[in-house]
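A.B. asks: The listed protein sequences derive, respectively, from chains A and B.
According to this note's numbering, the first sequence is numbered sequentially starting from 1.
According to this note's numbering, the second sequence is numbered sequentially starting from 149.
List time: in silico DSBU-like cross-link candidates among lysine-lysine, alpha-carbon distance up to 35 Å:
#1 A:LYS134 with B:LYS231
#2 A:LYS3 with B:LYS296
#3 B:LYS736 with A:LYS134
#4 B:LYS201 with A:LYS129
#5 B:LYS736 with A:LYS96
#6 B:LYS197 with A:LYS134
#7 B:LYS745 with B:LYS759
#8 B:LYS556 with A:LYS136
None of these hints come from the bench; they were simulated from the model.
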Amino acid sequence: MEKIDEIIDGYVDEEGVLIQILLDIQHELNWIPKESIIEVSRRLQIPISQIYRVASFYTAMSLTPMGRHLVQVCLGTACHVRGAPKILNKVENTLKIKAGETTEDMMFTLRRVNCLGCCAMGPMIVVDKDYYGKMKTQDVGEILERYE
Amino acid sequence: MPKTNSPTELEDLRREILSKRDSNKPCIAICAGTGCLALGAQRVINAFKEEVKKQGLEANVDIRETGCPGFCEKGTVVVIYPKGVCYLQVQPEDSFEIISAIKERKIVERLLYTDPSTGEKVIYEHEIPFYKNQMRLLMGNNTKIDPKNIDDYIALGGYGAISKALSEMTPEQVLEEVKRSNLRGRGGGGFPAGRKWETTRNAPGEPKYVIVNCDEGDPGAFMDRALMEGNPHSVLEGLIIGAYAIGSHEGFIYARQEYPLAVENVNIAIKRAEEYGLLGNNILGSGFDFKIKVHRGAGAFVSGESSALMTAIEGKVGEPRPKYIHTSESGVWDKPSDLNNVETWANVPLIIDKGSDWFTSIGTEGSKGTKIFSLVGKVNNTGLVEVPMGTTLKEIIYDIGGGIPEGKKFKAVQTGGPSGGCIPEEYLDTPVDFDELAKLGSIMGSGGMIVMDEDTCMVDISRYFVDFLCDESCGKCVPCREGLKGVRKILNDIVAGRGKEGDIELLEEIGDVMSEASLCALGKTAANPILSTIRYFRDEYEAHIEEKRCPALVCKDLISYYIDPERCNACRLCLKNCPADAIDGEKKLIHIIDQSKCVKCGTCFDVCPPKFSAVKKISGEPVPPPIPEEKRVLVKDKKSKGGQK
Numbered sequence: 001m002e003k004i005d006e007i008i009d010g011y012v013d014e015e016g017v018l019i020q021i022l023l024d025i026q027h028e029l030n031w032i033p034k035e036s037i038i039e040v041s042r043r044l045q046i047p048i049s050q051i052y053r054v055a056s057f058y059t060a061m062s063l064t065p066m067g068r069h070l071v072q073v074c075l076g077t078a079c080h081v082r083g084a085p086k087i088l089n090k091v092e093n094t095l096k097i098k099a100g101e102t103t104e105d106m107m108f109t110l111r112r113v114n115c116l117g118c119c120a121m122g123p124m125i126v127v128d129k130d131y132y133g134k135m136k137t138q139d140v141g142e143i144l145e146r147y148e
Numbered sequence: 149m150p151k152t153n154s155p156t157e158l159e160d161l162r163r164e165i166l167s168k169r170d171s172n173k174p175c176i177a178i179c180a181g182t183g184c185l186a187l188g189a190q191r192v193i194n195a196f197k198e199e200v201k202k203q204g205l206e207a208n209v210d211i212r213e214t215g216c217p218g219f220c221e222k223g224t225v226v227v228i229y230p231k232g233v234c235y236l237q238v239q240p241e242d243s244f245e246i247i248s249a250i251k252e253r254k255i256v257e258r259l260l261y262t263d264p265s266t267g268e269k270v271i272y273e274h275e276i277p278f279y280k281n282q283m284r285l286l287m288g289n290n291t292k293i294d295p296k297n298i299d300d301y302i303a304l305g306g307y308g309a310i311s312k313a314l315s316e317m318t319p320e321q322v323l324e325e326v327k328r329s330n331l332r333g334r335g336g337g338g339f340p341a342g343r344k345w346e347t348t349r350n351a352p353g354e355p356k357y358v359i360v361n362c363d364e365g366d367p368g369a370f371m372d373r374a375l376m377e378g379n380p381h382s383v384l385e386g387l388i389i390g391a392y393a394i395g396s397h398e399g400f401i402y403a404r405q406e407y408p409l410a411v412e413n414v415n416i417a418i419k420r421a422e423e424y425g426l427l428g429n430n431i432l433g434s435g436f437d438f439k440i441k442v443h444r445g446a447g448a449f450v451s452g453e454s455s456a457l458m459t460a461i462e463g464k465v466g467e468p469r470p471k472y473i474h475t476s477e478s479g480v481w482d483k484p485s486d487l488n489n490v491e492t493w494a495n496v497p498l499i500i501d502k503g504s505d506w507f508t509s510i511g512t513e514g515s516k517g518t519k520i521f522s523l524v525g526k527v528n529n530t531g532l533v534e535v536p537m538g539t540t541l542k543e544i545i546y547d548i549g550g551g552i553p554e555g556k557k558f559k560a561v562q563t564g565g566p567s568g569g570c571i572p573e574e575y576l577d578t579p580v581d582f583d584e585l586a587k588l589g590s591i592m593g594s595g596g597m598i599v600m601d602e603d604t605c606m607v608d609i610s611r612y613f614v615d616f617l618c619d620e621s622c623g624k625c626v627p628c629r630e631g632l633k634g635v636r637k638i639l640n641d642i643v644a645g646r647g648k649e650g651d652i653e654l655l656e657e658i659g660d661v662m663s664e665a666s667l668c669a670l671g672k673t674a675a676n677p678i679l680s681t682i683r684y685f686r687d688e689y690e691a692h693i694e695e696k697r698c699p700a701l702v703c704k705d706l707i708s709y710y711i712d713p714e715r716c717n718a719c720r721l722c723l724k725n726c727p728a729d730a731i732d733g734e735k736k737l738i739h740i741i742d743q744s745k746c747v748k749c750g751t752c753f754d755v756c757p758p759k760f761s762a763v764k765k766i767s768g769e770p771v772p773p774p775i776p777e778e779k780r781v782l783v784k785d786k787k788s789k790g791g792q793k
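So here's chain A without its partners, still in its complex pose:
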């Protein structure tokens, strides 16, 4: 909770900061727990319902705990025509979860994203901050094994 207050303190006297604060919380805790929403509501004097609406609208915010590693499979058009659906399929089969889900051991959260702007490298996956371009289905297993 201290962290949350620290984040909010960084935005005193500024208007329209709700999204920025929620992004910072997401970044810090890797998800947005209920307690943090209550705290934000109390400090900013914004109704809880409104905060939930914002947090559930934007894809960058998660209202459930996320895995240690975030795997994003790009499904932008350029990646799509170069076979991204097959890559997603392979990642789903390897992790045994569907896009949007987290593995039981809380190791991986899998997401599909609509374009990361690395279109020339497609198909493309990003694990945490590591970008992997020109992906082939055969490479998926080996890449995921690097993360513990």
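Assemble the complex: chain A is given as a structure, and chain B must be docked to it using the hints.
C.D. replies: Structure of chain B alone, referenced to chain A:
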């Protein structure tokens, strides 16, 4: 930090920066844009730094980490100045050879561009066909600038336009100049920027806001990312000039959080500009005040729409609102707000610097200047391409893009993202500008250009965009929300082999309603990908519906995989990789796919070595029966077996 208090002081500073630089000193410019970083550019940069140290050349050679030079296909791109020797696909281990070559004034032949048709090597960046056929007014400086170093931008004459505007021109004159240039919005709408500025300037209410839209959401487009990452000061300079003309003292940059490097670089750029007196109070001693805040988007395509973006800046859910209230008159917190796209802003300093006459000499009657396109998909030279408006699709895809890889046949080019359409081969001679592409049922949009070859199924592409838009529609208005759901169901049926007569007509009808009745541009244009593919590729829809056949062999439910017994070498690669255990076989026993178990993931097709190419894809015809048990033992004469090993 040298704070500059007047245009003269800025000029002095520029001279001082230049005097400290030796224009003959070799400089190694390495791309550190997101694309090349994805290919391992950071390791290349580190290797070069170490190598320079090792050879004791710190004082003789500079290393510059730059933004994206555009030739992403051949990354990591390394350019050696002052001459502009261009090395492609550079790996960390090449650093020794390149640095030694610089020392000995030689050239590393093997890393140069090779012309695929003649086999000739090309030494200099500007002679490579990919670059030679472009006009890089906005992108050209990317390799000459370290985006984190404001001095690099100033050395090239940067912030000269703001200095000219503030000292020699009234806000009215700046506005007139931009109006005369007929600069149209690069985000896709194509609305004249000058007129938009004027509306905000004349609208009652204070404060007025100016906004950079860097919520580049169109899948397949990354022009704005490259500008924001590679040359953020050019965008800031444009924004400050716009603010001066409009009478605004506060600006926002809305950047999507999917672009972390762009956010980082623009934040650094703002800080530096403030330190140099180019942002903040009393800019260059002119009495003009202006500050900028960066707002990170949180991942919502619809928030790139101007009215939605403004509600997002207010910290609310980014949903659009009806268009009868113009944001230029009543935008952020109901104040007059002018919003332009990154590329539009980046054009402004050029117009002020060189004049509107110069700008209008480039381009077509209705569309002036250059446009950056992201040329991606099934094309040899993928990357960012900047050309004068009016360049034909063929010139872009073939002369610059180098045509279609692997000798495949061109099928269509998709322009304008989810609001655009697919243009077939017969229109390749069309000059690209705002008006011409609209006539073909597509739009130029923000500049995404996705090339598709014969292996792309147009029904699948249409479904792809509908899926995308279903995800991203905010759901506020009925035609968009329900219309998209309706067409998604029909398209899902068609690709699954459940299409029926009348489906195409129904798609067209729903499409028309969505175009007429949706609240914002997302819904109004959502039908374009469907309508344009029906218009040009109706036969593919009909094949799916009537013959249950996918001509491009893409739609999972309409294709089957089988192993050609004549070609199978029983190598067990497919068998080991099959996630469904659907392949039967062993060493020296020809493999067979059990069709009832096959999930059609295509893994076997991908892993089968090209020299065998035993796995086949078929559609619209029955799968040949598996060969009888007794014929499955692989018989090969010794000679051919020896050859294989």
